[in-house]
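Based on the hints, put chain B in the right spot on chain A.
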Amino acid sequence: MRRLVASAALFLAALSLPAAAGPVPDDVGVNIADGFARPAATAFMAATGRMRADLEALCAAPDAAALAGARAGFAGLVSAWGGLSVLRFGPLPAENRFERVFFWPDTRGVIVRQVQALLAEEDETVLDAAALAGKSVAVQGLPALEYLLHGAGAETLAAAEGGHRCRYGLAIAGNVERIAGDVQAEWAAGAAFHDAFADPRPGHELYRSPKEVAAEAVKAMATTVQFVRNAELLPALGDSVDAARGKRAPLWRSDLTFALVRAQIYAVAGLADASGFAADEAVRRPVETLRLDLVNAGDALGKVAKPAEAAFADPADRDRIRYAALALDTANKTLGGALSAALGLTMGFNALDGD
Amino acid sequence: MRSTAIDRRTFLTLAGAAALAPGAAVAPCAAVAGEEALFIGARLNGGAFEAAVIDAAGRDRLVLPLEARGHSFALDPARGRAVAFARSPGRFAVAFALDGRAEPVAIAAEAGRHFFGHGVFTPDGRLMLATENDYEAGHGVTGVYDVAAGFRRIGEFTTGGVGPHEAILMGDGRTLCIANGGIQTHPDFERVKLNLATMEPSIAYLDVATGDIVEKVGLARALHKLSIRHMALDAAGHVWFGCQYEGDPADRPPLVGRHRRGREIELFAGPEGLLRALDNYVGSVAIDGAGAVLATSSPHGGVIAFWDTATGRSLGSRPLADGCGVAPAGPARHLATSGRGAIVETGPASSRVVVAEGDGLPAWDNHLRRI
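Protein sequences appear in the order of chains A and B.
Residue numbers 1 to 355, in the working numbering, belong to the letters of the first sequence in order.
Residue numbers 1 to 371, in the working numbering, belong to the letters of the second sequence in order.
The set of hints was computed from the structure by calculation and includes no laboratory data.
Incorrect hints may appear among the rest.
[Unchecked claim] Straight line, CA to CA, 35 Å or less: simulated DSBU-like cross-link-like pairs of lysine-lysine:
id: 1; chain 1: A; residue 1: K135; chain 2: A; residue 2: K247
id: 2; chain 1: B; residue 1: K193; chain 2: A; residue 2: K211
id: 3; chain 1: A; residue 1: K247; chain 2: A; residue 2: K303
id: 4; chain 1: A; residue 1: K303; chain 2: B; residue 2: K193
id: 5; chain 1: A; residue 1: K219; chain 2: A; residue 2: K303
id: 6; chain 1: A; residue 1: K333; chain 2: A; residue 2: K211
id: 7; chain 1: B; residue 1: K193; chain 2: A; residue 2: K135
id: 8; chain 1: B; residue 1: K193; chain 2: A; residue 2: K306
id: 9; chain 1: A; residue 1: K247; chain 2: B; residue 2: K193
id: 10; chain 1: A; residue 1: K333; chain 2: B; residue 2: K193
id: 11; chain 1: A; residue 1: K135; chain 2: B; residue 2: K216
id: 12; chain 1: A; residue 1: K306; chain 2: A; residue 2: K219
id: 13; chain 1: A; residue 1: K303; chain 2: A; residue 2: K135
id: 14; chain 1: A; residue 1: K306; chain 2: A; residue 2: K333
id: 15; chain 1: A; residue 1: K135; chain 2: A; residue 2: K219
id: 16; chain 1: A; residue 1: K333; chain 2: A; residue 2: K303
id: 17; chain 1: A; residue 1: K306; chain 2: A; residue 2: K247
id: 18; chain 1: A; residue 1: K247; chain 2: A; residue 2: K219
id: 19; chain 1: A; residue 1: K333; chain 2: B; residue 2: K216
id: 20; chain 1: B; residue 1: K216; chain 2: B; residue 2: K193
id: 21; chain 1: A; residue 1: K211; chain 2: A; residue 2: K135
[Said to hold, decoys possible] Have a look at the derived ranges for each label pair, beta carbon to beta carbon:
id: 22; chain 1: A; residue 1: E95; chain 2: B; residue 2: E35; range: 52 to 60 Å
id: 23; chain 1: A; residue 1: K247; chain 2: B; residue 2: G330; range: 55 to 63 Å
id: 24; chain 1: B; residue 1: A222; chain 2: A; residue 2: K247; range: 52 to 60 Å
Where a beta carbon is used, it is the ideal one built from N, C-alpha and C, also for glycine.
Next up, chain A with everything else stripped away, as it sits in the complex (with noise of 0.2 Å):
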């Protein structure tokens, strides 16, 4: 409902500005930079924090129920990492903050390999936060503590036996927090990339118009909806039930793979809404066809009904899965042609997708 007024909030502001000279809202920067991405990047950042008292609580008591709790958090800040995800420019993938926070996929299996290793050896090394960002990136976000909590051994947590394993994952939460305070940092007004982003000029580095800002945000929008349907569902659901690869989607040892897609693919759409790009009138077609897709695709995968491992080879839920896809595929095309071309970038056959 907030979300709602926001948008009409903002509907209403766009259209008492002076004609823009082009589709592009001149303030599609700003727009995006505080109508969604600190949004986004608080509400990581608050889960973050959530994520380490959760842990500490259960290392500092361990039972089934702060265990729950722990399990309850982890899913809180998957959820809240699907929103920021979406934001792959600026801040999020400098410094390989995306790999660090989400190594995915992992095609050779390295984070259980590795994870195991560490919890085998009772590794002190791993205990402490700022000593863990040094290490491989696989052993420090999200996919090594969703193992921490779900993986093989994770019952431990629930009694004393577990302690390393519970303040492994506590450092993998401080970890990830750290990283969330400097991403939300850098979105902050006043911070160098926030204000490159929501102030495009002539002879700036990084973004010389609202066309450019516009292209990075378009962008972000195709590549996630591709990495959605192209990595996190396609692989894991095969050309057939016999195909089906329930393990090769992420997350599902936690059964979070349709939460951490389906925030992801909502948040594409508030990308959208938060650009302002709906108040051209020309661009306001292109923009409704896209969110309808991404809420198709989103609101499909919310009825599935078995675990994530089981689902990829349920014949209902595949069914939803591959409406699902094919919703994305739609979007993914709404993005690189009506609506690019509605805004009048030119992403070209080359430069959308080179080699």
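Using the frame of chain A, we list chain B on its own:
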């Protein structure tokens, strides 16, 4: 032997090509390299992917349908042959006669391998070498194909790195120079880059006779996200390369470099503003007909930049929206193509539109090669 492994769609596409051969799509008098300048590129034409041989006026001389998006080519002009490769992570390649007179031959990727889109013939025409991904192991290989045996794959050599992209043959005819881009991918996840945090791009020299890596050079640690991707040889026999940067977009490192055997890599930044224009991305490189001018295209920036290969000095740039394909057209001249259908004859001194961009024209893909 190989027919059993070929993708059904490749067969159907090729069957279509054969049927078209006597008709308009394949000009009967096309395309063996003689005095006339001919070029070849992959493109998307009215929703269909194809490889096309064109002349310097941009006229089609031979069109070969492809089952999916193509990338670059291995060329054997002396024998009138070429191989079109699928774009990564594709699994098909097609060998065909440049005059369109012989039936195309499908080459399927080996199990557990896919093509990266580039390859070469050895000067004797006996072997064809292709950059490929051993994706379960996560490292690059050079597939070795026996041309006379119908392009049977007879083995592979390691490239000494991850994600090899373009490979070129050195002047000695037996040393293959490979750009190990450093980016790990797995076909299950399409083109998702799996190891940006730990990339280690390199240039490796492989002795084709033995499979030994005889020299390998890398970049400074601070530039480990600078993916070395495309290469060309200058008149002095030195390797020039173009890079794509996977790090912070604000960094703007040099994207163009030279390697002379036995030395360190040299990088050239050009004047202020050029790196911004190239936008951390060089899509294709080519040396001019005299071996003295390097062209580097950036479809991201919509420019083609030129460089003096004797000194590494920038010779300026020319705009070309979504321009990527570049090939030598003469001394200090290049032919360049764009994703919007444009073909320009360009160079440091001037630029001339051969075909103006326009809706409905074939969209030229990343690479244009001189036959």
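These are the hints, each one checked on the structure:
For the proposed pair K135(A) and K247(A), the alpha carbon gap of about 25 Å is at most 35 Å, so the pair holds. Straight-line distance between C-alpha atoms of K193(B) and K211(A) comes to about 27 Å, which keeps the hinted pair within the 35 Å bound. Simply put, K247(A) and K303(A) have alpha-carbon atoms about 20 Å apart, close enough for the 35 Å limit, and the pair holds. Pair hint K303(A) plus K193(B) holds up; C-alpha atoms about 31 Å apart against a cutoff of 35 Å.
Pair hint K219(A) plus K303(A) holds up; C-alpha atoms about 29 Å apart against a cutoff of 35 Å. About 19 Å separates the Cα atoms of K333(A) and K211(A), which keeps this hinted pair within 35 Å; it holds. A hinted pair counts as satisfied when its Cα atoms are at most 35 Å apart, and K193(B) with K135(A) qualifies at roughly 20 Å. Our distance criterion of 35 Å between C-alpha atoms is met by K193(B) and K306(A), whose separation comes to about 30 Å.
Note on K247(A) and K193(B): the hinted pairing holds, with a Cα-Cα distance of about 20 Å set against a maximum of 35 Å. Simply put, K333(A) and K193(B) have alpha-carbon atoms about 21 Å apart, close enough for the 35 Å limit, and the pair holds. Restraint check: the Cα-Cα separation between K135(A) and K216(B) comes to about 27 Å, which is no more than 35 Å; the hinted pair holds. Taking the CA atoms of K306(A) and K219(A), the gap is about 33 Å. The hint holds against a cut of 35 Å.
The hinted pair formed by K303(A) and K135(A) fails the criterion: a straight-line CA distance of about 39 Å is larger than 35 Å. The straight-line distance between the Cα atoms of K306(A) and K333(A) is roughly 30 Å, inside the 35 Å bound, and the hint therefore holds. A threshold of 35 Å between alpha carbons decides the hint, and for K135(A) with K219(A) the separation of about 31 Å falls inside it, so the pair holds. In summary, the hint linking K333(A) to K303(A) is supported, as the alpha carbons are separated by about 24 Å, within the 35 Å threshold.
Of the pairs offered as hints, the one joining K306(A) and K247(A) holds, with about 14 Å between alpha carbons and a cut-off of 35 Å not exceeded. Our distance criterion of 35 Å between C-alpha atoms is met by K247(A) and K219(A), whose separation comes to about 29 Å. In summary, the hint linking K333(A) to K216(B) is not supported, as the alpha carbons are separated by about 42 Å, beyond the 35 Å threshold. The straight-line distance between the Cα atoms of K216(B) and K193(B) is roughly 23 Å, inside the 35 Å bound, and the hint therefore holds.
With a C-alpha separation of about 39 Å, the suggested pair K211(A) and K135(A) falls outside the 35 Å cut-off, and the hint is violated. Checked against the hint of 52 to 60 Å, the pair E95(A) and E35(B) passes, with Cβ atoms roughly 55 Å apart. For the pair K247(A) and G330(B), the beta carbons lie near 57 Å from each other, so the given range of 55 to 63 Å is met. About 38 Å separates the C-beta atoms of A222(B) and K247(A), a value inconsistent with the hinted range of 52 to 60 Å.
Consistency with the previously given hints fails for numbers 13, 19, 21 and 24, ordered from lowest to highest.
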